[in-house]
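**Student:** Listed below are the residues making up each chain.
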Amino acid sequence: MANKVLVVLEQRDGQLKKVSFEAAKAGSDLAGKLGCQVEGVIVGSEIADINKIGNFGVSNVTHLNNAEFSNYSASGYSQTVSDYAKEINADVLVIGNTSMGKDIAPRVTAKLDAGIVMDITALEVIDNEIVATRPIYAGKALIDVKVNSDIKVFTVRPNVFNPGEPSDKLAEVITKDIDSTQFTDKVVETKQAGGKLDVSEASIIVSGGRGIKDAESFKLVEDLADVLGAAVGASRAVVDAGWREHGEQVGQTGKTVSPNLYVALGISGAIQHLAGMRSSKYIVAVNKDADAPIFQIADYGITGDVFEVVPALIEELKK
Amino acid sequence: MKIAVCVSHVPDTATKVKIADDGKTINPDGVTYIVNPYDEIAIEEALKTKEKVGGEVVVISLGTDANKETIKKALAMGVDSGILLKDSGFRDSISLAKTLAEEIKVQEAELVFFGRQAVDYDNSITGQLTAEYLGYNCVSVVTDFNLEDSKITAEREIEGGKEVVETILPAVITAQKGLNEPRYASLKGIMVAKRKTIEEKEAASFDNKIEVLQMKKPEGKQPGKIIGSDASAVSELVRLLKEEAKVI
Chain X
0 MANKVLVVLE QRDGQLKKVS FEAAKAGSDL AGKLGCQVEG VIVGSEIADI
50 NKIGNFGVSN VTHLNNAEFS NYSASGYSQT VSDYAKEINA DVLVIGNTSM
100 GKDIAPRVTA KLDAGIVMDI TALEVIDNEI VATRPIYAGK ALIDVKVNSD
150 IKVFTVRPNV FNPGEPSDKL AEVITKDIDS TQFTDKVVET KQAGGKLDVS
200 EASIIVSGGR GIKDAESFKL VEDLADVLGA AVGASRAVVD AGWREHGEQV
250 GQTGKTVSPN LYVALGISGA IQHLAGMRSS KYIVAVNKDA DAPIFQIADY
300 GITGDVFEVV PALIEELKK
Chain S
0 MKIAVCVSHV PDTATKVKIA DDGKTINPDG VTYIVNPYDE IAIEEALKTK
50 EKVGGEVVVI SLGTDANKET IKKALAMGVD SGILLKDSGF RDSISLAKTL
100 AEEIKVQEAE LVFFGRQAVD YDNSITGQLT AEYLGYNCVS VVTDFNLEDS
150 KITAEREIEG GKEVVETILP AVITAQKGLN EPRYASLKGI MVAKRKTIEE
200 KEAASFDNKI EVLQMKKPEG KQPGKIIGSD ASAVSELVRL LKEEAKVI
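Those protein sequence lines, which keep their order, are chains X and S. Number 318 marks the last residue of the first sequence (numbering that gives the first Met the number 0); no jumps. Number 247 marks the last residue of the second sequence (numbering that gives the first Met the number 0); no jumps.
What the hints contain is simulated information worked out from the structure, not anything from laboratory work. Each residue gets a CB set at the ideal place from its N, CA and C atoms; glycine is no exception. Certain hints may be false.
Straight line, CA to CA, 30 Å or less: simulated DSBU-like cross-link-like pairs of lysine-lysine [to be verified]:
1. K85(X) x K97(S)
2. K97(S) x K145(X)
3. K16(X) x K47(S)
4. K212(X) x K17(X)
5. K97(S) x K110(X)
6. K190(X) x K3(X)
7. K241(S) x K97(S)
8. K195(X) x K185(X)
9. K200(S) x K195(X)
10. K280(X) x K67(S)
11. K15(S) x K145(X)
12. K185(X) x K224(S)
13. K185(X) x K51(S)
14. K49(S) x K17(X)
15. K218(X) x K195(S)
16. K195(S) x K17(X)
17. K49(S) x K32(X)
18. K280(X) x K51(S)
19. K110(X) x K200(S)
20. K241(S) x K218(X)
21. K185(X) x K47(S)
22. K224(S) x K49(S)
23. K110(X) x K104(S)
Which bits of chain X does chain S cover? Going by a derived footprint, with three or more residues having C-beta under 8 Å, they are [what the hints assert, rightly or not]:
24. 21-30
25. 129-141
26. 205-217
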């Protein structure tokens, strides 16, 4: 049985990421089922409101601090996390499956000689063993896996583990200064694409496909996304045509997403695209072609012209 | 400089996944296999780097004889030599990465390219793990790569933006779409590739740390309601999203 669950929290620019709350909930629920302790760890320099993680079941957090940590370093962060996991004898690590989490989790795994399961969507304890479920083939199938090593690392898919309503409990935060700064790689600059919300983290996504006709008309997709506070997504056809950046691509060679609401505009629904978004909680499709495969998985469909329906939808939402 | 590129042989992304009788793997009947799309980008970057700094490129793939198709494609694109590490059966990312690391040591490759993930198991960790087992630096999900002497400046994709990373050789780079446009194999390339030999070796064996208990299909989603066929349907749609789905 497990000794201690360590939730590795994530910050960017000194702010806790939403996935940290989800990882905290997943980790504390797991510790409850295993009957073991849980604590959190975060690497960074100045970080705001770490104690809020207490709202989601993790009541002790250690902040591993160094001025150099204000910029991400894969080698620096993963060495610091694995040293700490060893120090407290953690044998289960829970990390968000984000670009940072995906980067450090395998390195920490190698340093701890652990086993790893990435991008999990469920975590259960069956007959005293942890069973993790994860999508493969971009969601066309799922596998249940168990880890046979003493130390186990799990990364949790964003937007899947519902952190629930926050309690008013605050975590006790201990700050520990880390003096070693033997980083062999370092982020020297961060370029934000206009502070845009990313499809992998958004709770609402508005995506456009070939039915949007051209790059300029994508403004319609952006306008609806603005009204809904949503991220903009795109189909592979649209990215391959150069209308949109690859970072927005949803599907098997793009991002696999699970938002609360996915609005597909002018997307017919190729199998690669459906695989990447079918686990969305609600799907809305607008497409002229009533036979488009997207309607097979849409909760609500409008079989009309996006250029007529979407402006009317924007007006209705603004009411 | 010796450059290695590690490639996977995976089902085409248009594949409809059927589960095999063992309940743990996919049924390969009727499945077309392709070079993992991100690995083509890795091959291209390895070739571009060789064109800039000189040296040679070796492609490494672990799997069965079927993987030779993927190796041949890399050779036809211009890779100098190919190695097949022969193995059948399930390997987790850790076992795979340890095996690749052993071969990269044998090859004395200082720079190694991977695709950022294989589109079958979608783990996105083999490159980073291999770097750890080699003691190499690693930049993952790279969309821009520059090498000056032994100094690397690479851009990696993050949520809603990019970050620029500096590191040094030896290193592992995992390639993301946007890094380059993979070249097509020329007719001459295909002819030359036929004369290149693929070295076959038994893959070193390492224990798997994970065990697949079962593979299953996701819960089927039932088609929902068609609300209408023109703009007059939007008020009903907004009502449903607010009152029934409660998502806005």
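**Student:** Now tell me if each hint is right for this structure.
**Tutor:** Against the structure, the hints:
A hinted pair counts as satisfied when its Cα atoms are at most 30 Å apart, and K85(X) with K97(S) qualifies at roughly 22 Å. Proposed proximity of K97(S) and K145(X) is supported: the alpha carbons are some 20 Å apart, at most 30 Å. At roughly 37 Å between alpha-carbon atoms, K16(X) and K47(S) are farther apart than 30 Å, so this suggested pair is violated. For the given pair, K212(X) sits about 35 Å from K17(X) by alpha-carbon distance, which is inconsistent with the 30 Å threshold.
With a C-alpha separation of about 13 Å, the suggested pair K97(S) and K110(X) falls inside the 30 Å cut-off, and the hint holds. For the proposed pair K190(X) and K3(X), the alpha carbon gap of about 37 Å is over 30 Å, so the pair is violated. For the proposed pair K241(S) and K97(S), the alpha carbon gap of about 51 Å is over 30 Å, so the pair is violated. With a CA separation close to 23 Å, the supplied pair K195(X) and K185(X) stays within the 30 Å bound.
A hinted pair counts as satisfied when its Cα atoms are at most 30 Å apart, and K200(S) with K195(X) does not qualify at roughly 48 Å. A C-alpha spacing of about 41 Å is found between K280(X) and K67(S), which places the hinted pair above 30 Å, so the restraint is violated. With a CA separation close to 26 Å, the supplied pair K15(S) and K145(X) stays within the 30 Å bound. A hinted pair counts as satisfied when its Cα atoms are at most 30 Å apart, and K185(X) with K224(S) does not qualify at roughly 51 Å.
Proximity of K185(X) to K51(S) is assessed by CA-CA distance (about 24 Å); at most 30 Å being required, the pair is judged to hold. Our distance criterion of 30 Å between C-alpha atoms is broken by K49(S) and K17(X), whose separation comes to about 42 Å. Taken as a hint, the K218(X) and K195(S) pair is broken in the structure, with Cα atoms around 50 Å apart against an allowance of 30 Å. Distance check on the hinted pair: K195(S) and K17(X) sit about 51 Å apart at the alpha-carbon level, beyond 30 Å; violated.
For the suggested pair K49(S) and K32(X), the alpha carbons sit about 53 Å apart, so the restraint of at most 30 Å is broken. At most 30 Å may separate the alpha-carbon atoms for a hinted pair to count; K280(X) and K51(S) exceed this at roughly 48 Å. Using a Cα cut-off of 30 Å, the hinted pair K110(X) and K200(S) holds, with the two alpha carbons roughly 28 Å apart. Pair hint K241(S) plus K218(X) holds up; C-alpha atoms about 25 Å apart against a cutoff of 30 Å.
Annotation: proposed proximity of K185(X) to K47(S) holds, straight-line Cα distance about 24 Å (limit 30 Å). For the suggested pair K224(S) and K49(S), the alpha carbons sit about 55 Å apart, so the restraint of at most 30 Å is broken. A C-alpha spacing of about 19 Å is found between K110(X) and K104(S), which places the hinted pair at or below 30 Å, so the restraint holds. Closer than 8 Å: that is the beta-carbon criterion, and the region 21-30 of chain X has 0 residues meeting it against chain S, so the requirement of 3 is violated.
Beta-carbon proximity to chain S at under 8 Å applies to 9 residues in the region 129-141 of chain X; the threshold of 3 is reached and the given coverage holds. For the region 205-217 of chain X, the stated coverage by chain S is not satisfied: 0 residues place a CB nearer than 8 Å to a CB of that chain, which falls below the threshold of 3.
Violation of the numbered hints given earlier is confined to hints 3, 4, 6, 7, 9, 10, 12, 14, 15, 16, 17, 18, 22, 24, 26; the remaining hints are satisfied by the structure.
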